[in-house]
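Chemist: These protein sequence lines are chains A and B, in that order. Quick note on numbering: numbering that gives the first Met the number 0 labels position 302 of the first sequence as 301, and the sequence is numbered without any gaps. Quick note on numbering: numbering that gives the first Met the number 0 labels position 435 of the second sequence as 434, and the sequence is numbered without any gaps.
Note that these hints are calculated values from the structure, not bench results. Treat the hints with care, as some may be off.
[Stated by the list, open to error] The following residues of chain B were derived to be distant from chain A, with all beta-carbon distances above 10 Å:
hint, residue
1, 138
2, 141
3, 149
4, 153
5, 157
6, 160
7, 161
8, 175
9, 180
10, 199
11, 282
12, 325
13, 411
14, 440
15, 479
[Stated by the list, open to error] Below are the DSS-like pairs computed for lysine-lysine, each with C-alpha atoms no more than 25 Å apart in a straight line:
hint, chain 1, residue 1, chain 2, residue 2
16, A, 341, B, 450
17, A, 341, A, 144
18, B, 368, B, 486
19, B, 372, A, 340
20, A, 340, A, 144
21, A, 283, B, 372
22, B, 106, A, 283
23, A, 251, A, 283
24, B, 158, B, 105
25, A, 154, A, 5
26, A, 5, A, 147
27, B, 372, B, 450
28, A, 144, A, 256
29, B, 158, B, 24
30, B, 158, A, 341
[To be verified] Okay, the calculated beta carbon distance ranges per label pair:
hint, chain 1, residue 1, chain 2, residue 2, range
31, A, 353, B, 57, 41 to 47 Å
32, A, 389, B, 271, 53 to 59 Å
33, A, 392, B, 357, 28 to 34 Å
What you are looking at is a predicted structure, and each value in this text was computed from that prediction instead of being measured. C-beta: ideal position from N, C-alpha, C; glycine also.
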Amino acid sequence: MSQMSKDLISILPQIIILVTAIVALIFEMLRKPLGSLFGLITGLLAAGVLAITRLGTSETAFHETFRLDSLSHWAVIILAGSGILSALLCRAELKGSQREGTLYSLMGFSTLGAALLAGSGDLMFLVLGVLMNSLSGFAMAAFPKTDKATEGAIKYFIYGSVTGAVMLFGLTYWAGISGGTLISMISGNMNQPYVMLFGFASLICGLGYAASLFPFHFWTPDTFQGAPVSIAAFLSVTPKIGAFFALAQVMKYLPQKTVDYNLILAILAVLSMTYGNVVALWQKNLIRLLSYSTIAQAGFFLLGIVAINQSELAISSLVIFSLAYAAMNIGAFAIVQQVGKKLTRMEGLARRNLFLAAAMTIFLLSLVGIPPLAGFAGKFLLFTAALDSGYVGLAVAAILNSVLSLAVYLRIISPMFFREEHPIEFGLSPWTRTVYISCFVVTIVAGITVQWLL
Amino acid sequence: MNEIPLLTLSLFIPLLGSILLLFLKPQGHRIPNLIAVTAAALSAAGVILMGLRGITADFSQIEEVEWIPSLGAAYRLGVDGISYTAVLLTALLFLFTGIFSTRIRKKSSAFMALFLMLETACLGVFMSLDLLLFYVFFEVTLVGMYFIIAGWGHENRKKAAIMFFIYTLIGSLLLLLGLLSLYLHSDPHTFDMRELVANPPLSGMAALLTFWALFLAFAIKTPLFPFHSWLPMAHTEAPAEGSAILAGILLKLGAYGFIRFAFQMTPEAFAANAWIVIVVAVVSVIYGALVAMAQTDIKRMVAYTSINHMGYLVFGVAIATLGTTTAAERALDGATLQMFSHGIVTGLLFLLIGSIQERTTTREMPALKGLLKVYPLLSGFFILAAFASLGLPGLAHFPAEFQIFLGGYEISPITVAIVLLGLVLTSALYLRAIQRSFMGAEDRTVLEKMKDLDSRELWTFIPLVILIILIGIFPDILLNFIHETTKLITV
């Protein structure tokens with residue numbers, strides 16, 4: 000077999016995602032949104048299963064420009080799962096609206112972008128991934144054509160264009176001094192600290208935007224609030240996981256001797272966690288609250304990335320936390336979609352639907368990191384990895400932020416159980432129910448059975 | 000080993016009951032009560048059988064299953080003299096509190112489900128021989144207690160519950176840091192507590208930092224002055240059952256942690272800083288007693304005496320790091336017994352206050368007058384429990400505190416003299432409370448004649464009173480195996 004066909008087989012999961020997105024688009028042209036939906040689900044399922052069978056293997060394709068290591072396999076699995084769940088939420092929320100099928104197609108493209116980011120072995124994949132991700136995200140956010148949605152989408156678009164341009168500009172410096180675009184080549188650039196630092200700063204700018212990391216998060220609350228809840232759920236998970244995995248791929252090769260890049264990441268982590276949690280304390284709109292909480296959670300991802308060269312647990316901590324984050328975050332958004340966007344709508348939820356309230360509580364406690372839930376398993380590994388690499392201060396800051404985040408999430412939990420019922424009824428959609436039940440199961444089971452995932 | 004896994008059974012029967020309640024969602028209160036009391040009784044029976052099998056000095060009755068082998072974490076349970084004391088206390092107090100709480104009519108099945116979940120979590124903390132497992136159970140207790148306070152408490156319950164949850168979560172996350180530090184310094188990395196106890200992995204600065212992380216975590220939980228501010232509020236607002244479990248069991252999580260982690264896993268750092276701990280403990284003893292004296296709310300008063308009693312306990316543990324072998328054994332024996340005594344005595348006091356409040360609808364001592372005339376039986380039990388709490392010989396606290404003082408005397412007679420002052424203060428405050436609330440002529444506008452204790456209350460109070468007297472007169476029932484373990488660990 001030629002090298003070319005071997006490489007193509009290696010990236011088969013990514014190819015499947017691409018084909019899926021195209022198939023979803025074709026069904027949309029035929030005005031068959033259900034076809035798009037099931038096309039997407041089948042395709043993502045196939046890609047995910049294929050990636051599962053490849054766990055444990057590690058190779059590169061196309062002259063090391065694309066990596067198929069555990070990070071990129073896991074990215075496909077997690078992204079496929081969150082793509083499917085978000086698509087189901089989408090169906091529940093936007094069923095019958097015009098151009099519904101385009102959303103499923105765009106989700107496919109965005110997922111592909113994130114999957115490419117997670118496996119990047121070349122600077123061009125970083126750029127390509129971020130662009131695919133954000134362009135399709137922008138179109139999805141603008142879907143409802145309301146003022147708020149348009150405003151949010153424009154913000155997302157402008158931030159994305161500027162940070163993307165800055166990133167591209169900065170990365171040309173890296174390519175310039177290394178004499179090539181392979182990420183592994185940057186490890187040789189020991190004596191050019193300022194150029195390297197400039198490239199790094201611009202990279203953080205681009206990836207930080209996709210991951211809604213402080214201080215590149217400003218688009219997040221507005222875009223999430225304007226977009227349909229299901230799209231917000233998708234945007235809070237897929238680009239974030241892609242961007243952080245990409246950053247992890249880069250950090251493996253960044254020469255640490257002359258500049259302490261980890262210190263920069265650690266500072267960003269603390270700022271992001273603290274800012275997200277503190278601002279979330281004042282929010283009255285659930286979507287805005289959750290979007291600030293995703294900014295805070297972004298900081299936690301960085302704990303694993305900081306440790307990537309020093310701790311064996313770093314990769315698994317990143318993977319487990321991403322899995323947990325995807326499940327609990329989509330779960331929480333699903334329940335918000337069902338109940339309503341205002342914080343007051345949560346009042347007395349336990350009286351109306353105990354399981355819904357219990358599931359929401361589980362998602363939120365898991366976001367805090369209460370054992371034995373999935374979020375605890377993830378955070379526990381992240382803390383261990385950070386301590387193992389000697390970042391005690393960062394671990395302490397993360398721990399204090401977990402306490403702060405409890406204060407945030409109790410603002411949702413407490414009224415659900417201890418207030419009178421909110422007068423407005425809400426319907427129950429079977430699609431949404433499937434989503435939050437799946438997330439509920441993953442959040443509980445992944446926490447107890449971590450050993451199979453490690 | 001083909002023996003029945005008694006530990007696992009006693010641990011998970013309450014959880015099973017809890018799950019049963021969640022799925023059956025029985026209406027009314029009869030079925031939830033039946034399930035809860037049966038589960039708690041079965042679990043207690045299992046724990047007693049465990050004791051009959053024989054408790055050895057080192058960890059025994061080990062039950063071990065692989066969990067996360069790549070991290071060195073496993074499902075490991077086992078008991079020694081110290082943890083068995085705590086396990087026994089937990090099983091018994093949950094059983095009797097469970098009987099008491101059959102009075103609850105508001106969402107009774109939800110309450111019982113939480114209550115049973117809390118029992119599993121508390122038992123799990125004391126039975127775990129694995130740091131990760133320990134931490135999992137430790138955190139679940141917070142969630143359970145949060146919902147019990149917020150759901151069934153008094154007027155300011157939501158604020159109190161949130162304060163309790165957030166404040167103690169700070170403590171448990173510090174604990175997580177300490178545990179991770181122990182794990183990362185062990186070689187090969189392991190969460191096995193037996194390993195960490197046998198070869199404390201830390202030294203130097205790392206040991207010092209870890210010790211302080213553990214100290215803060217347990218000082219918040221126990222609580223010691225100045226980390227106690229969550230306690231009075233949580234107690235005042237919690238329902239009687241919640242207070243009994245909070246004071247009786249959850250505070251012991253901190254006390255047990257001091258012995259098992261700070262004392263056994265960072266021994267050198269603890270010994271080097273023992274005097275700071277002793278000062279904090281002594282201040283807690285005096286402060287707790289003085290503030291308790293200033294209270295007019297009888298429940299708040301008892302809550303503050305917990306700070307005083309826990310002060311003795313931590314004083315005993317700190318003394319044990321300094322003393323000669325005999326002094327250390329005595330102090331540690333006393334401290335371990337104090338866990339049990341404080342659990343049953345304060346548990347009983349809070350349940351009795353629940354009964355008083357149900358009848359009089361107030362807890363203000365000036366308003367409660369002449370209780371003894373109106374409710375002789377209830378008052379009699381309260382006076383007995385109060386006497387036990389102030390350390391009267393022949394009742395449960397005396398043998399514990401006596402041994403702590405005896406051990407302490409060898410190290411520093413002056414400190415013991417100061418600590419004894421706390422004993423005088425508690426005697427004064429209890430006598431004054433008894434005089435104010437139970438003696439004198441009753442105020443008919445407050446006290447309507449209601450039935451004295453009903454059978455549910457008798458089933459709760461009589462066994463606890465018998466236990467208090469039994470431990471007071473024959474402390475050897477427990478001290479026999481406690482002493483074996485303390486002999487082993489103070490060498």
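Chemist: None of the hints should be skipped; say for each whether it holds.
Modeler: Going through the hints against the structure:
no.	hint	verdict
1	138	violated (5 Å)
2	141	violated (8 Å)
3	149	violated (6 Å)
4	153	holds (13 Å)
5	157	violated (6 Å)
6	160	violated (8 Å)
7	161	violated (6 Å)
8	175	violated (7 Å)
9	180	violated (7 Å)
10	199	holds (18 Å)
11	282	holds (26 Å)
12	325	holds (39 Å)
13	411	holds (34 Å)
14	440	holds (41 Å)
15	479	holds (35 Å)
16	A:341 <-> B:450	violated (49 Å)
17	A:341 <-> A:144	holds (21 Å)
18	B:368 <-> B:486	violated (49 Å)
19	B:372 <-> A:340	violated (58 Å)
20	A:340 <-> A:144	holds (18 Å)
21	A:283 <-> B:372	violated (54 Å)
22	B:106 <-> A:283	violated (29 Å)
23	A:251 <-> A:283	violated (40 Å)
24	B:158 <-> B:105	holds (20 Å)
25	A:154 <-> A:5	violated (42 Å)
26	A:5 <-> A:147	violated (47 Å)
27	B:372 <-> B:450	holds (12 Å)
28	A:144 <-> A:256	violated (50 Å)
29	B:158 <-> B:24	violated (28 Å)
30	B:158 <-> A:341	holds (22 Å)
31	A:353 <-> B:57: 41 to 47 Å	holds (46 Å)
32	A:389 <-> B:271: 53 to 59 Å	violated (24 Å)
33	A:392 <-> B:357: 28 to 34 Å	violated (51 Å)
When each numbered hint is compared with the structure, violations occur for hints 1, 2, 3, 5, 6, 7, 8, 9, 16, 18, 19, 21, 22, 23, 25, 26, 28, 29, 32 and 33.
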